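> As given, the protein sequences belong to chains A and B, one line each in that order.
Numbering of the first sequence is given in the numbering used here, commencing with residue 1 and proceeding in unit increments.
Numbering of the second sequence is given in the numbering used here, commencing with residue 1 and proceeding in unit increments.
No wet-lab data here; the hints were simulated from the structure.
The following label-pair restraints were derived from C-beta to C-beta distances: (1) Q60/B to G9/A: 24 to 34 Å; (2) P99/B to E45/A: 13 to 23 Å; (3) E63/B to K42/A: 26 to 36 Å; (4) K99/A to H85/B: 25 to 35 Å.
Not everything, but these chain A residues come out facing chain B in the computed CB check (under 8 Å): (5) S32; (6) S43; (7) P44; (8) F102; (9) G105.
Cut-off 20 Å, straight-line C-alpha distance, at most; resulting in silico cross-link-like pairs (EDC-like, lysine to aspartate or glutamate): (10) K99/A to D110/B; (11) K56/A to D78/A; (12) K67/A to E3/A; (13) K55/B to D65/B; (14) K109/A to D83/A; (15) K41/B to E5/A; (16) K64/B to E22/B; (17) K99/A to D27/A; (18) K67/A to D27/A; (19) K20/B to D65/B; (20) K20/B to D110/B; (21) K99/A to E3/A; (22) K41/B to E45/A; (23) K99/A to E63/B; (24) K42/A to D110/B; (25) K64/B to E52/B; (26) K42/A to D88/B; (27) K55/B to E22/B; (28) K67/A to E57/A; (29) K99/A to E59/B; (30) K56/A to E45/A; (31) K66/B to D88/B; (32) K41/B to D88/B; (33) K99/A to E45/A; (34) K20/B to E63/B; (35) K64/B to E87/B; (36) K14/B to D88/B; (37) K66/B to E22/B; (38) K42/A to E22/B; (39) K41/B to D83/A; (40) K56/A to D83/A.
This structure is a prediction, so every number in the text was calculated from the model and none was measured.
All residues carry an ideal CB built from backbone N, CA and C; glycine is no exception.
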Amino acid sequence: QKEVEQNSGPLSVPEGAIASLNCTYSDRVSQSFFWYRQYSGKSPELIMSIYSNGDKEDGRFTAQLNKASQYVSLLIRDSQPSDSATYLCAVSITGGGNKLTFGTGTQLKVEL
Amino acid sequence: GAVVSQHPSRVICKSGTSVKIECRSLDFQATTMFWYRQFPKQSLMLMATSNEGSKATYEQGVEKDKFLINHASLTLSTLTVTSAHPEDSSFYICSARDPGAANGPQHFGDGTRLSIL
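Please build the complete structure, drawing on both the sequences and the hints.
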């Protein structure tokens, strides 16, 4: 079983719709959770961090964490073509040397 | 926010050449930096953790004698790909975490695209 799992996609949504990206993780001691966006040929850039159960909103982005279900998601409201990218879920363990474990990423395509 | 600078952005060289990549934290001191490699259409794979003033910690399967890491100061880590061959062609990315942000995210450099002919 992979440590961090994501559906590779592509996930296609129309412009203006809500895009929902999901991630599950296997290690129950995981403490910190991150969503990164990676455009083709570029390095990842941080979108959201979340550390406790519940929702965290930042502009059009909402991260949701459920530690009991070992599940973290990212919602993108009012999706724009510029949101088209690969979204990487990353998980770290407190005391684990601050190492991040990445999922394989979900490719999002926002269509006009 | 925390800024990580990586140089060069692209390298094209002949097989057998050694290539050095620099990673700098610009507005914070990083006792730990991370080096990743990403092949096309794959996710980031951690190669090693660079520790300031001590030896790097390599992930399983990564040859420490081929990928030399030096972290001589709190703002600079270097990765040297020694005697590079075509199979070493990849996208190399460094990252660092601002130690002032407890459990905070890693911030990535812009990456180095290495092409070995």
